[in-house]
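Peer 1: Line order of the protein sequences matches chains A and B. For the first sequence, full-length UniProt numbering assigns the number 1 to the initial residue and increments by one for each residue that follows. For the second sequence, full-length UniProt numbering assigns the number 1 to the initial residue and increments by one for each residue that follows.
Please note: incorrect hints may appear among the correct ones.
Think about it this way: if two alpha-carbon atoms lie no more than 30 Å apart in a straight line, the pair counts; the simulated DSS-like pairs of lysine-lysine are [said to hold, decoys possible]:
id, chain 1, residue 1, chain 2, residue 2
1, A, 213, B, 267
2, A, 198, B, 267
3, A, 277, B, 112
Interface residues of chain B toward chain A, partial, derived using beta-carbon atoms under 7 Å [said to hold, decoys possible]:
id, residue
4, 6
5, 80
6, 92
7, 93
8, 101
9, 251
10, 271
11, 274
Residues of chain B placed beyond 12 Å of chain A at every Cβ, according to the derived structure [stated by the list, open to error]:
id, residue
12, 1
13, 49
14, 69
15, 88
16, 126
17, 157
18, 235
19, 264
20, 267
21, 295
22, 303
Simulated from the structure, these hints should not be mistaken for lab results. Where a beta carbon is used, it is the ideal one built from N, C-alpha and C, also for glycine.
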Amino acid sequence: MVPDLLAQWMKERRSPYLLLTFIGLSVLAVVLFGMSSEGKTKIDVFLAEGTSEAEAAGWIERLNKSEAFEFVLRDEEPARAEVREGRAMAAVQLLPDDYRIVAAVDEIQGLLAERHVDTVFRQELQLRAAAERSGDPERFRLDAERILQNPPLTLHAAAPDGGEIVSYDMGLQLMFGFALFLAMFTIGSKINAVNAEKTSGIWNRMILSPVRKTQMYLGHLTYGFAAGFLQLAIVYLIFLYGFGFDLGGRFGMLLIVSALYTVAAVALAMLIAGMTKTPVQFNMVYPSVVPIFPLISGAYMPPGTITNDVLLVIGEFVPLTHAMDALLGIALYDAGWGDIFLPLAKLLLFAVICMGVGINLVERGRR
Amino acid sequence: MLETVELRKEFKGKTAVDDVSLYLNKGESVGLLGPNGAGKSTTISMISSLVKPTKGDVRLHGRSVIKQPQDIRKVLGVVPQEIALYEELSAYENLTFFGRLYKLKGAALESKIQETLEMVGLRERQKELIKTFSGGMKRRINIAAALLHDPEIVIMDEPTVGIDPQSRTHILDTVRLLNREKGTTVLYTSHYMEEVEQLCNRMYIMDHGRIIASGTHEELQRILSGEDTLLIQLNAPSQGLIQELQQLEPVRRAEETDNGLKLIVTKQSNILTAVVQAAERQRVQIINIHVHTPSLEDVFLHLTGRTLRD
Numbered sequence: 001m002v003p004d005l006l007a008q009w010m011k012e013r014r015s016p017y018l019l020l021t022f023i024g025l026s027v028l029a030v031v032l033f034g035m036s037s038e039g040k041t042k043i044d045v046f047l048a049e050g051t052s053e054a055e056a057a058g059w060i061e062r063l064n065k066s067e068a069f070e071f072v073l074r075d076e077e078p079a080r081a082e083v084r085e086g087r088a089m090a091a092v093q094l095l096p097d098d099y100r101i102v103a104a105v106d107e108i109q110g111l112l113a114e115r116h117v118d119t120v121f122r123q124e125l126q127l128r129a130a131a132e133r134s135g136d137p138e139r140f141r142l143d144a145e146r147i148l149q150n151p152p153l154t155l156h157a158a159a160p161d162g163g164e165i166v167s168y169d170m171g172l173q174l175m176f177g178f179a180l181f182l183a184m185f186t187i188g189s190k191i192n193a194v195n196a197e198k199t200s201g202i203w204n205r206m207i208l209s210p211v212r213k214t215q216m217y218l219g220h221l222t223y224g225f226a227a228g229f230l231q232l233a234i235v236y237l238i239f240l241y242g243f244g245f246d247l248g249g250r251f252g253m254l255l256i257v258s259a260l261y262t263v264a265a266v267a268l269a270m271l272i273a274g275m276t277k278t279p280v281q282f283n284m285v286y287p288s289v290v291p292i293f294p295l296i297s298g299a300y301m302p303p304g305t306i307t308n309d310v311l312l313v314i315g316e317f318v319p320l321t322h323a324m325d326a327l328l329g330i331a332l333y334d335a336g337w338g339d340i341f342l343p344l345a346k347l348l349l350f351a352v353i354c355m356g357v358g359i360n361l362v363e364r365g366r367r
Numbered sequence: 001m002l003e004t005v006e007l008r009k010e011f012k013g014k015t016a017v018d019d020v021s022l023y024l025n026k027g028e029s030v031g032l033l034g035p036n037g038a039g040k041s042t043t044i045s046m047i048s049s050l051v052k053p054t055k056g057d058v059r060l061h062g063r064s065v066i067k068q069p070q071d072i073r074k075v076l077g078v079v080p081q082e083i084a085l086y087e088e089l090s091a092y093e094n095l096t097f098f099g100r101l102y103k104l105k106g107a108a109l110e111s112k113i114q115e116t117l118e119m120v121g122l123r124e125r126q127k128e129l130i131k132t133f134s135g136g137m138k139r140r141i142n143i144a145a146a147l148l149h150d151p152e153i154v155i156m157d158e159p160t161v162g163i164d165p166q167s168r169t170h171i172l173d174t175v176r177l178l179n180r181e182k183g184t185t186v187l188y189t190s191h192y193m194e195e196v197e198q199l200c201n202r203m204y205i206m207d208h209g210r211i212i213a214s215g216t217h218e219e220l221q222r223i224l225s226g227e228d229t230l231l232i233q234l235n236a237p238s239q240g241l242i243q244e245l246q247q248l249e250p251v252r253r254a255e256e257t258d259n260g261l262k263l264i265v266t267k268q269s270n271i272l273t274a275v276v277q278a279a280e281r282q283r284v285q286i287i288n289i290h291v292h293t294p295s296l297e298d299v300f301l302h303l304t305g306r307t308l309r310d
């Protein structure tokens with residue numbers, strides 16, 4: 001095992017660019033997609049005839065008090081095109097003291113946006129009506145604002161355990177999603193060395209040496225694991241200390257879950273290495289299969305976006321789904337070992353099955 | 001020392017190696033000769049325990065090694081046909097890796113690395129990456145990697161395919177050194193007749209998975225002792241002359257060469273007059289006639305009806 005590990009390390013030392021590239025890509029992807037508008041969903045706003053720009057600016061200012069959405073004024077045609085072509089879930093048309101939601105499909109984000117817009121309009125129009133009736137609208141407004149700052153009646157929402165309701169951090173989800181996804185590529189490239197060594201004849205040379213088969217496999221699996229795990233740990237540390245992400249304060253637990261995920265990813269790479277015979281075949285199959293995982297597991301989408309039963313069932317067979325459940329549970333909801341036991345058990349089961357079948361296939365291919 | 005008994009390998013119903021029995025005595029250099037696809041590589045894969053035979057046995061000192069492959073692996077050094085090296089590492093790093101596989105460490109490892117590099121003539125280039133080497137240099141390091149643990153038997157699978165003359169000479173010298181000075185037993189497979197003639201005490205000729213002849217150089221040549229080869233140089237090619245000569249009774253085979261034709265005739269047949277007369281009739285001029293002692297290439301042609309490089 002040790003000579004094999006050292007050989008892989010010597011190769012890595014000579015050409016560490018792949019590992020560094022994937023670390024860089026993980027950071028870049030989160031910065032581009034997870035930190036733009038602080039994780040808010042962008043919604044275009046355009047004006048109907050008779051609505052002035054000053055009036056629109058007032059509405060946009062009120063709408064942008066939301067923590068989930070960012071409303072941006074745009075021309076009508078491009079805003080409608082974005083919705084029509086599926087690039088935006090909804091847009092808002094501002095009418096004089098009214099609005100219209102433009103959407104192509106019914107989906108949860110659109111409904112949430114509509115609810116927010118409706119609340120803002122209802123509140124503002126009620127205030128205006130009451131102000132007009134008071135005889136001194138300006139004074140009424142000032143009084144209303146003062147009372148709202150210190151209301152006589154407050155509604156307090158709490159989590160089932162009585163604690164604070166945690167506001168969902170989409171940036172954190174994307175950080176985990178991209179980090180786990182890109183680590184699969186690093187792991188795949190390392191495990192593909194098994195196929196490369198089989199093709200070049202190095203594998204046969206090792207079989208003829210006193211090194212045992214178990215040690216040969218362990219050498220490759222350990223190296224693949226170490227590279228993937230190191231990449232994940234570095235990305236987490238960059239976001240924890242470099243970008244000030246709140247990872248929930250239990251970094252050790254995150255690392256243990258990530259280690260289990262890395263084992264599952266190594267097993268999956270071994271399965272694909274067993275199904276393919278050459279490094280070229282592996283390089284064709286692996287990058288075609290892996291990018292589907294974050295889409296099925298919903299790693300890039302807000303929770304609850306995927307509602308299709310078939311996709312949800314397929315998602316159960318994707319390690320990313322369970323790793324994301326466990327990591328977000330720890331970082332956002334303060335989950336303990338008991339809470340994340342099920343996703344961890346599924347990851348372990350996935351790893352055992354894929355590893356067993358994968359090594360068996362590699363051995364059959366050799367015979 | 002090492003023998004195979006009726007070794008057979010079938011792949012998906014096709015027989016790649018068919019009842020091959022051969023033996024190697026200690027200190028011998030034995031050639032396994034045959035064209036591409038003859039079954040040489042499959043045979044040596046079975047001998048070296050990489051492939052399990054469908055039938056038959058491989059014995060080391062009389063003991064079967066099919067179920068106990070560790071016995072043969074300990075004494076074996078295999079030089080595969082492919083370049084089984086890490087291209088991204090230097091020659092020295094590759095040899096360090098392969099030496100460590102055989103539990104060599106520290107000064108012992110260093111000394112073996114330098115010794116094998118010296119043997120293959122690449123000591124000065126040891127720090128360079130394999131991917132920067134020529135095909136011949138890679139093949140020399142490929143050999144060095146198989147010699148680090150001082151194997152008693154070295155199996156070489158076509159070690160000189162597609163390389164420059166300088167590297168080829170080096171490799172042949174290395175094999176000679178191993179066999180004659182170090183007493184290593186060598187099984188050398190090739191489809192280059194002249195290499196096997198130069199290096200090996202005995203040889204087996206394989207075709208279509210079977211051994212079709214075996215023996216020393218002289219024993220094999222005796223297969224053709226009843227024949228002479230006439231190399232006739234002509235001023236112009238003539239298919240008519242070939243056809244006419246093929247009708248003559250002593251002519252076993254007539255074929256065109258680059259500058260004339262080659263006749264295989266029964267020994268001591270008085271054919272020269274008939275050849276000259278036929279050339280006159282076909283209006284071609286004979287420039288030179290050379291009576292040639294049969295080579296192993298001729299033996300192979302005689303046995304299989306084709307040349308080694310077909």
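Peer 1: Checked against the structure, which of the hints given earlier come out wrong?
Peer 2: 1, 2, 3, 4, 6, 9, 10, 11, 13, 14, 15 and 17
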